[in-house]
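J.: Residue numbers (our numbering), protein chains in the order written: chain G, 1 to 150; chain E, 1 to 150; chain B, 1 to 111; chain L, 1 to 111.
It is worth saying that the hints were derived from the structure and are not from the lab.
Any given hint could be a false lead.
To be verified - Result set (DSS-like, lysine-lysine): computed pairs, CA atoms no more than 27 Å apart in a straight line:
#1 G:Lys60 x B:Lys43
#2 E:Lys115 x L:Lys84
#3 E:Lys105 x L:Lys77
#4 G:Lys60 x B:Lys19
#5 G:Lys115 x B:Lys84
#6 L:Lys19 x E:Lys60
#7 L:Lys19 x E:Lys56
#8 B:Lys43 x G:Lys105
#9 L:Lys77 x E:Lys65
#10 G:Lys105 x B:Lys41
Said to hold, decoys possible - For the chain E half of the interface with chain G, some residues (derived, Cβ under 8 Å), not all of them:
#11 Glu6
#12 Glu9
#13 Ile10
#14 Ile12
#15 Glu17
#16 Leu21
#17 Ile25
#18 His28
#19 Asn32
#20 Asp36
#21 His57
Bear in mind that the values here come from a model prediction, so they are computed numbers and not experimental data.
Each residue gets a CB set at the ideal place from its N, CA and C atoms; glycine is no exception.
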Amino acid sequence: MERDGERIEITISSRFENIELVQVIAEHLCENAGLDEDGSHWIGMAVREAVANAIKHGNKLDARKKVNATFQLHDSELRIHISDEGEGFDPKTIGDPLNPQNLMKTSGRGIFYMKTFMDQVQYEFQPGGGTSLMMTKNLAKGSGLASSKI
Amino acid sequence: MERDGERIEITISSRFENIELVQVIAEHLCENAGLDEDGSHWIGMAVREAVANAIKHGNKLDARKKVNATFQLHDSELRIHISDEGEGFDPKTIGDPLNPQNLMKTSGRGIFYMKTFMDQVQYEFQPGGGTSLMMTKNLAKGSGLASSKI
Amino acid sequence: MKASSKTIDGVEVIKLDGKITIGSGDQQLREIITSAINQGKSKILLEMSGVTTIDSSGIGELVGSYTTVTNRGGKLKLLHLPAKLNELLHVTQLITVFEVYENEQEAVKSF
Amino acid sequence: MKASSKTIDGVEVIKLDGKITIGSGDQQLREIITSAINQGKSKILLEMSGVTTIDSSGIGELVGSYTTVTNRGGKLKLLHLPAKLNELLHVTQLITVFEVYENEQEAVKSF
Ligand SMILES: Nc1ncnc2c1ncn2[C@@H]1O[C@H](COP(=O)(O)OP(=O)(O)O)[C@@H](O)[C@H]1O
Ligand SMILES: Nc1ncnc2c1ncn2[C@@H]1O[C@H](COP(=O)(O)OP(=O)(O)O)[C@@H](O)[C@H]1O
Chain G
1 MERDGERIEI TISSRFENIE LVQVIAEHLC ENAGLDEDGS HWIGMAVREA VANAIKHGNK
61 LDARKKVNAT FQLHDSELRI HISDEGEGFD PKTIGDPLNP QNLMKTSGRG IFYMKTFMDQ
121 VQYEFQPGGG TSLMMTKNLA KGSGLASSKI
Chain E
1 MERDGERIEI TISSRFENIE LVQVIAEHLC ENAGLDEDGS HWIGMAVREA VANAIKHGNK
61 LDARKKVNAT FQLHDSELRI HISDEGEGFD PKTIGDPLNP QNLMKTSGRG IFYMKTFMDQ
121 VQYEFQPGGG TSLMMTKNLA KGSGLASSKI
Chain B
1 MKASSKTIDG VEVIKLDGKI TIGSGDQQLR EIITSAINQG KSKILLEMSG VTTIDSSGIG
61 ELVGSYTTVT NRGGKLKLLH LPAKLNELLH VTQLITVFEV YENEQEAVKS F
Chain L
1 MKASSKTIDG VEVIKLDGKI TIGSGDQQLR EIITSAINQG KSKILLEMSG VTTIDSSGIG
61 ELVGSYTTVT NRGGKLKLLH LPAKLNELLH VTQLITVFEV YENEQEAVKS F
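In isolation and in its complexed conformation, chain G is listed as follows (with noise of 0.2 Å):
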């Protein structure tokens, strides 16, 4: 494939309405790379989960911290890393939103909804602090939700 090797990287503050621009960067990416409209969206939807969480729990909303993205595409695997500048989090911890006793929480859907849509959903905690999130998609396999996982 010719777009082998690509590599893209994005930084922005964190800022709520800065989500839509890493949103928009892998949906672009995922089209380029000959996905149709609901495989680019469906991945798109995890790269905004990942940035609202980084922006919200990491970053805390502090607009001086910075989410950083990176795409890269080997073969037809997508992989993008999202991090922040926060303290990180024990993911052990995190229950599971299909559990009856969550099912009508508020919140807690978004790392369910990453790893939804995604192949691998893996995070990493840096010593000086910082999440790192790493998630791969293999584009050939037939894109997200309603294909690979309904």
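Fit chains E, B and L with the ligands to the given chain G structure using the hints.
T.: For chains E, B and L with the ligands alone, coordinates are given in the frame of chain G:
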């Protein structure tokens, strides 16, 4: 304005398909800042021309070479900085596309369009090679072409 | 996000348009529901066809709206779900919580 | 970019749709014009209403097309310019070069 001090940075490899990624960032930022669709479009077009030049004339389509774009918003002034890893050029040698002898040329209108849509267009060349372009636009002054230049 | 409402046979039909996402639309939705309830409305039908984007915060706010209305003895139902919103409610099993209609008349009658 | 064509009274009406930008659409436009000329067409009307984006490369390619057709003794005219393309031709004074029509019948008759 609440978005003062905003800074967005994006790095792409030198492929024409990536021009649009930088363009959409520009357009979204302008719309977020309250500019109308037309005004945002013209700024997006100036960015498109600048990135196309960086890819084509600067990095000579070498996909390993990067183009970097930063967008900064201070008060209502948008500063856009676009740099490549090319060998630079002498802006004084660039012809005027309105000159009758250039009118029918098939190229040479990119910088002219940038100057039409932006308030300031300024080139700098790094000692180690590389072209650095700074464009500014006062978003409060009315948007782009239709209202300010024609 | 924009909202407009009309009353049909005692049912408050609120049409939501645009984004219901974090920081834009999510709080608005809460305010809309709160104000409807404060005006004594207890039968609320959200017309969703104009919702262009929703994220987990928007979904959470829909759940919160449902709970708020139900706790006050009212009913909140959904009309005309866009395909993507439908899928988002499906994967989170929230589709089992909401009554969803494809026809306004039918939806209004069901209250 | 996509192109489709029809012939009306000996005029080749070519409808261009999509982007005419660097690396996508600009070379295509050149090929379309070359192939029309090679097929002996000399009256060419480009229907532009479906052109969503054009950049300086696309504008340059339009100028190149004009020159190619004119040099072969033919004529190239434009129909239904979108507002933004119109402005791009205005600021570069290229609007003085092209004959532009808003009505297909009129445009066809003018050849
Ligand atoms: N980047 C992050 N930095 C710190 N904490 C995070 C981050 N991302 C997620 N979390 C934690 O994980 C929890 C679950 O996240 P999520 O599933 O997206 O739901 P929600 O954001 O609605 O709480 C958050 O409430 C937060 O405590
Ligand atoms: N980033 C750059 N690096 C090197 N040369 C450049 C760059 N940008 C512009 N130029 C030079 O300036 C000329 C004019 O550019 P422009 O007005 O955009 O027209 P065009 O790209 O159609 O030639 C180019 O042909 C090129 O020689």
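J.: State for each hint whether it applies.
T.: Evaluated hints:
1. G:Lys60 x B:Lys43: 37 Å, violated
2. E:Lys115 x L:Lys84: It holds: about 17 Å lies between the C-alpha atoms, which stays within 27 Å.
3. E:Lys105 x L:Lys77: 18 Å, holds
4. G:Lys60 x B:Lys19: Distance ~22 Å between G:Lys60 and B:Lys19 Cα, so the pair holds.
5. G:Lys115 x B:Lys84: OK: G:Lys115 and B:Lys84 at ~17 Å, within 27 Å.
6. L:Lys19 x E:Lys60: Distance ~22 Å between L:Lys19 and E:Lys60 Cα, so the pair holds.
7. L:Lys19 x E:Lys56: The given pair, whose Cα atoms are some 18 Å apart, holds under the 27 Å limit.
8. B:Lys43 x G:Lys105: It holds: about 22 Å lies between the C-alpha atoms, which stays within 27 Å.
9. L:Lys77 x E:Lys65: 40 Å, violated
10. G:Lys105 x B:Lys41: 24 Å, holds
11. Glu6: 6 Å, holds
12. Glu9: Holds: closest Cβ of chain G sits about 4 Å from E:Glu9, inside 8 Å.
13. Ile10: 4 Å, holds
14. Ile12: 5 Å, holds
15. Glu17: 5 Å, holds
16. Leu21: 5 Å, holds
17. Ile25: This interface hint holds because 5 Å falls under the 8 Å limit.
18. His28: 5 Å, holds
19. Asn32: 5 Å, holds
20. Asp36: E:Asp36 check fails; min Cβ-Cβ to chain G is 17 Å, beyond 8 Å.
21. His57: This hint is violated: E:His57 lies away from chain G, its Cβ roughly 21 Å from the closest one there, beyond 8 Å.
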